[in-house]
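For what it's worth, the UniProt record's numbering labels the leading residue of the sequence shown as 1, then goes sequentially.
Keep in mind that the hints were calculated from the coordinates and are not lab data.
All of these numbers come straight from a predicted model, not from anything done at the bench.
Among the hints, erroneous ones may be present.
Keeping only pairs whose Cα atoms sit at most 30 Å apart, straight-line, the calculated DSSO-like set for lysine-lysine is [claimed, not checked]:
| no. | residue 1 | residue 2 |
| --- | --- | --- |
| 1 | Lys82 | Lys32 |
| 2 | Lys341 | Lys327 |
| 3 | Lys27 | Lys334 |
| 4 | Lys334 | Lys82 |
| 5 | Lys32 | Lys327 |
| 6 | Lys327 | Lys82 |
| 7 | Lys32 | Lys334 |
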Amino acid sequence: MAALESRMEAVLQEQLGLSRFSMSMAKVWLSKMGIAGEGGDPPSDSDALARVRAWLLQLLNGRARPADVDSWQRRCPEVLPKLTSCPVWDIESSERLAWIRELQRNWREIRTEALALQGHGRAQGFQPYRAPSWVGDAATDGAGGAAASGAAGAAPGSGSPPQSSDSGFGGVPAAGAACAEATTAHKGGSWNVCYFALHGAVDTSETLRRCPRTAALLASVPRGYAHAMLSALAPGTSVVPHHGPTNKKLRLQLPLVVPPPVPGPDGGERSSCCLRVAGTEVPLCEGEPVLFDDSFEHEAWNRHPTQPRVVLIVDVWHPDLSDEEVKFLSFVHKANVRAAKAASATRGGAVSGSADFLTVLEDARGSPVPADLVFPRPPDLAE
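Put together the whole structure using the sequences plus the hints.
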């Protein structure tokens, strides 16, 4: 038992980035799961913490992903076992996803507030998308997690299943780890974002104040993952193929501004903006939400030569996770963010010329974004 507890402490501290205090709190949960501490009969696979327990045992065995992981997820840094694995979800198939229809019904109001975030020739609240350089040439997703897909630089829509790769915990550094510089995570053009929430890592109060209806709708989303933003791709911008940091969440993309079709290679027309998730290509349409698992390799592009694309992105906990599992995973995530903030404050944002992820975010916030990279010209805005 002592050896098991020692190994689990290493997982909590080195892989999950927990402080000593957070580790002591986590051990209460571990005892419930029958992983550490004293307990009675081992829990069954049907109990409320079965998936998290299987994940922690997976980490104890030195694996970031289960052996049967989908080929499109093999380069995702963190894959929890026993979760439904589907690249693009059928929104109409489950009452658990009814909250999406409420956002869809109000998409024009959301768009109106988004388009009002401009003044003096700038996109107010927007900042260039940045990520730590340890991502390499692949984009990141959320606060600090990513993996190179091996397909970066490929033409949009040309994705193919990546080769198997298992490198421990996916190369994701612990909370507050330093990175040499920032990466833009896109090819050509410009990718800019406006955060409504980012795990408490940045102050988003002004944006929420300026978008009260959007803020209220986001607050009503059940089991939100504390990550929501407007994402704008300037004309001719492609986001490189990449993976999100984990499969314990799903991502909703609600298109607010989509340019008209563009000429296709066969002489006809094709959608100007698409999202590819694994082997599925989804053309974007204004007001038509897409729910997908961004642990699968995915990419996005805006082919239009003059008009930007704007979507609302909202992350939610995977619907298979029990409320108890969400509580534990939220605890771990919040502890990790607190540790990152503390490390950033201690270093003053730099160590030997290196910047941590939070400093990268703050530096990007100081970079003005021209309005024409985010907002369409009025005559081109669909009614």
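Checked hints:
1. Lys82 - Lys32: holds (19 Å)
2. Lys341 - Lys327: OK: Lys341 and Lys327 at ~21 Å, within 30 Å.
3. Lys27 - Lys334: holds (16 Å)
4. Lys334 - Lys82: holds (23 Å)
5. Lys32 - Lys327: holds (13 Å)
6. Lys327 - Lys82: Holds, at roughly 18 Å.
7. Lys32 - Lys334: holds (20 Å)
Comparing the model with each numbered hint stated earlier shows that all of them hold.
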